[in-house]
Every structure is written in structure tokens, then in C-alpha cells.
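Undergrad: Could you build all of it, start to finish, from the sequences and the hints given here?
Protein sequences appear in the order of chains V and B. Using the working numbering, the final residue of the first sequence is 201, and nothing's skipped along the way. Using the working numbering, the final residue of the second sequence is 90, and nothing's skipped along the way.
If you're looking for bench data, these hints aren't it; they were derived computationally from the structure. Note that the Cβ used here is the ideal one computed from N, Cα and C, for glycine as well. There is no bait here: all hints are sound.
Pair ranges (Cβ atoms, derived):
{"hint": "1", "chain 1": "B", "residue 1": "70", "chain 2": "V", "residue 2": "166", "range": "37 to 47 angstroms"}
{"hint": "2", "chain 1": "B", "residue 1": "46", "chain 2": "V", "residue 2": "98", "range": "36 to 46 angstroms"}
{"hint": "3", "chain 1": "V", "residue 1": "23", "chain 2": "B", "residue 2": "46", "range": "30 to 40 angstroms"}
Calculated lysine-lysine pairs in the BS3-like style (CA-CA distance at most 27 angstroms, straight line):
{"hint": "4", "chain 1": "V", "residue 1": "108", "chain 2": "V", "residue 2": "79"}
{"hint": "5", "chain 1": "B", "residue 1": "28", "chain 2": "V", "residue 2": "32"}
{"hint": "6", "chain 1": "B", "residue 1": "49", "chain 2": "V", "residue 2": "50"}
{"hint": "7", "chain 1": "B", "residue 1": "31", "chain 2": "V", "residue 2": "32"}
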Amino acid sequence: MSAPAVTMLIAVVAIVLALVYYLVSVIVQLRKISAGLDNVIGSVGEIIEKSAPVNEVVNNINGQLDAGVDLLEGLLVKKAGLSDAMGLVDGLYPGAAAAGLRNFPDSKDVDPPRIGEVYTKGTLTLARLGREAPIAAASPNGPAIRNPAYATASARKLYPGGRPMEPEPLPRSPVIGTDSPVQYEQRDDIGKPRKRMPTES
Amino acid sequence: MTLWWIGDGLLFLVVAPIAVYLLDGVLKAAKSIVPSVDSIARTAAAGSKDLDAVPLLLTTQSQVEQTVAGVAAYGSSLDVIVDDAEEAGR
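TA: Okay, here's the thing in C-alpha cells:
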């Protein structure tokens, strides 16, 4: 065999060996990729299985909340009127009146009245009665009268020395009668003729 | 004979380097995929674990239903005891 033929044979063998090395390495990497994708598919399957009922449940919750919003909006507008309702909304959440009520498109055009001007009396009443009412904190007259945190302190001011307990027991009534332990002095005139007033002479 | 040597030269200097270059590129690409797949697998497993709380949505659903029912009852009572705005204005 000639020298060029041997050289070519060596070259071909070297190329084949390189092919084997690289292809086997690629196969090993592809097997790792396949195993990793199996894990991914398993986890994705769990995600799909766990998230399957989410859509239905969330839609149900949204439906319930929509019904609640419809109810409260309708009740508020029915009882307070659209203008005052927007004033209440804006009083509780400043700026919220601009968004309007969902079921009342005209509410966006309402100029909300200032809640302090419309509901002054009611506001102060709530401030007086409110226990931990948020509105009581902003009362112009200070904190609520019936503040539970200070109610006991206010009552305690009435009795600075401590609230008195029951009064001291009074002495019992004396026992009377012939067999009583204490015999009182008897009158001398008992059993004797009645004294007569002196006659004028 | 000269053609033999030219062929050998082409084989060593052109074909073999190109083959090695291409195969090395394929191997590097395959190796670069493995960490990405592992990362995706870890993320998917974490995502699946995060969804363990999904059954609590059923409790949320039940509580929302009870709350809305309470609000409806409260609203009904208010509707009875509070005059309507139109009536109050009369």
C-alpha cells in the first residue's frame, strides 16, 4: 500500500474517531435533557391538575362579590340618593367619587357634596356613639365619649379614692320583751293611780 | 500520486477541521441546554408547590358566599328600617 493511501486511511480513521467522540457526547447531553424534560413535564402536569378548578372557583367568587357590590350600591343610592351617596363615598375614600358607581353610570357626573355639610348631625352622633368608629377619631370634639379604652378611666374619676364597696353594717335593732337581754328601766307609775293635774282652787 | 497527496491534504486541512468545528458547536449547544432544562424543572416544581394552597380557594369561596349572604340580610334589614331617599325628601 502506498504512502498516500495509508495517510488517507489514517485521516479517515481520525475523522471517524472524532465523530464518535462528539456524537457520543451529544447523546449523553441529550439524555440529560430528556431526563430534565421528564421532570418538567411531571411538574407541569401537577400545575395543570392543581390549577384546573381555579377558574371556576374564582369566577364563582367574583360572581358573589359582584352581587354584593350591586346590592350595596343599590341600597346606598336607594337610601341616600345618588348625590349624597357619592358624597358618602367621596367622604370615606377621597377621590373615589370620580370613578363613579358601577351600576350607575350617571354617578360620574355628580358633584359629590361635602359629607361634613350634609351629615353633620349624623356624623357627630356616630362620633359620640361609635366604639372604635373611624369617624370618631376625626371628630372635631375630640375622641368619642364612649371610647372603650378610656371608659373605665372616666368612671374612675367619679371616685378618686376608689369606688366604695357596700356600706358598713348598722347596729341591729334592740331586742325587746321580758326575756330580752337588756332590761330597760320600768316606769314607776305603772299599776298606780293616774296622776291628776292639780285642780284650780 | 499527486492527486492522492492533494486529497490527503484536503482531508487533514479542510474536512477534518470543519467536521470537528461543527461537532464541537453541536456539543456546546447541547451542553448549554442542560442547565436551562434543570432550571425550568426547578421552577416548575416550585410553581407546583405554590399551588398547594389552591384548595383553600374553596374555603374562600364558602366564606365569600356566607359574607355576601350576611350583607344581603343586613341590607334587607336596612331597607326595611331606613326610609328611601325619595320618601325622606317628600
